[in-house]
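K.L.:
Assemble the complex: chain A is given as a structure, and chain B must be docked to it using the hints.
There are 2 protein chains.
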Amino acid sequence: MIDRGLSYGDGLFETMRVVSGRCRYLELHHARMCHGLRRLDIALPDLSERMLAAVAAADDGVLKFIVTAGDGDGYGRADGAPGRVLTCWRPAPPATEDLRVSLCRTRLAWEPALTGMKHLGRLPQVLARREVAAAASDEGLMADPEGAWVCGTQSNLFLRVDGSWFTPRLDRGGVAGVMRRVLITALAPRLVRVDTAMLQAADRMLMSNAVRGLQWVSELDGRQLKVTPEGRKLSELLAPWRLDG
Amino acid sequence: MIDRGLSYGDGLFETMRVVSGRCRYLELHHARMCHGLRRLDIALPDLSERMLAAVAAADDGVLKFIVTAGDGDGYGRADGAPGRVLTCWRPAPPATEDLRVSLCRTRLAWEPALTGMKHLGRLPQVLARREVAAAASDEGLMADPEGAWVCGTQSNLFLRVDGSWFTPRLDRGGVAGVMRRVLITALAPRLVRVDTAMLQAADRMLMSNAVRGLQWVSELDGRQLKVTPEGRKLSELLAPWRLDG
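Protein sequence lines correspond, in order, to chains A and B.
With the first letter of the first sequence counted as 1, position 3 gets the number 2 in numbering that gives the first Met the number 0; the numbers rise by one all the way through.
With the first letter of the second sequence counted as 1, position 186 gets the number 185 in numbering that gives the first Met the number 0; the numbers rise by one all the way through.
Just chain A, with the same shape it has in the complex (with noise of 0.2 Å):
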């Protein structure tokens, strides 16, 4: 029998940035696991035990948790399927550096029953990121299938014009990223349609993920944009490797 994770996408996934056994935004990552697993009726009583003792374990690095539905053929299955647990782990990408951005043409998906989730199905992502290879950039924005502009591939965007920030809404596809819950209390941005209009008046961008924090956007799509002195110094402060915040 093939796990359902495989089979169907059928489960969801944290990636989280591990220091000395520890995990600076592990509640954030717990709680949006813990939602999503009431959504898809996944049961893992012990999730909280499971995942703490999992960065217990890990090595300074980044540790993917990984909870699917299980074993089961067919798409049925019972209510609370019992959650089956993977884990790996690999080593922390440099550290932050500012994002030279380019625009993908691979839509994001519009999935209402999962509004949001970081489930396993990101065959978007895969093909959106062999964009951003071609492009040699450092990350690329997607738009969702209606073309409003909604997350990096791996992250979520922070946009600010005429002196006030934004972050676009995910109703129509994007993941709720954790840095992007730390960065809506941090900048209290305006949750809006990004149009392309939108995008070409922004002065500053930033864009979030719980791996790398957050990362200044230097070049978007060709235009220059400026990285500040004040952005770095949230960046530092906010940034997942760091222990002490």
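One copy or two, either will do: identical chains are not told apart, so a pair holds if it fits within one copy or between any two.
Straight line, CA to CA, 25 Å or less: simulated SDA-like cross-link-like pairs of lysine to any residue:
#1 117 to 104
#2 117 to 69
#3 117 to 46
#4 117 to 168
#5 225 to 194
Please keep in mind that the hints were generated in silico from the structure rather than gathered at the bench.
P.N.:
Coordinates of chain B only, in the frame set by chain A:
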């Protein structure tokens, strides 16, 4: 390392009805998988031989033939990632019966980058299947994010209105089924957007699936539909388990 099929839904599958080491619509399954692998840029030069061998080695029943992009971490991957084949088998379901069909609230995903593909991310279907169980029906109709009716949780839809056959366009969701292809040839339907009024105006309706063939709908959301001897004849003629077709 965890297979990319599990980590990212980075792969495709075919579900084939096998009888006496043969599959009636093997060429169509092969063509669809081939097309999908090209779109995802997964390399499997010996697909044809692998598929034929898997079918020949399978017992009578249902063979699931999965191709993933193999190992690899991170959304990005090399061009022409070498495909990994996984297969599993289950007994055939009971012989074709008429279907009592309910309406699902769970919406399909609209995936512009993956239109019609039978890829590994099937969470909307998993969730919709739970609605079918709760309704104690046989199959559930699913709508795309904009509300047009597209397909069943595991089947494509054909309906007759005013003497003409129609089948939903798949530009906003749904899988381009092998049996759908066969029926498009057999019934020459018009490809349209199907709203609720059209559903209610239909006097004949059938669902198609490469394992169960062509099943007639005897009840849709409480309304009785007629199943005719000519209809049954067509089901028999096109059945995936008939090898003399």
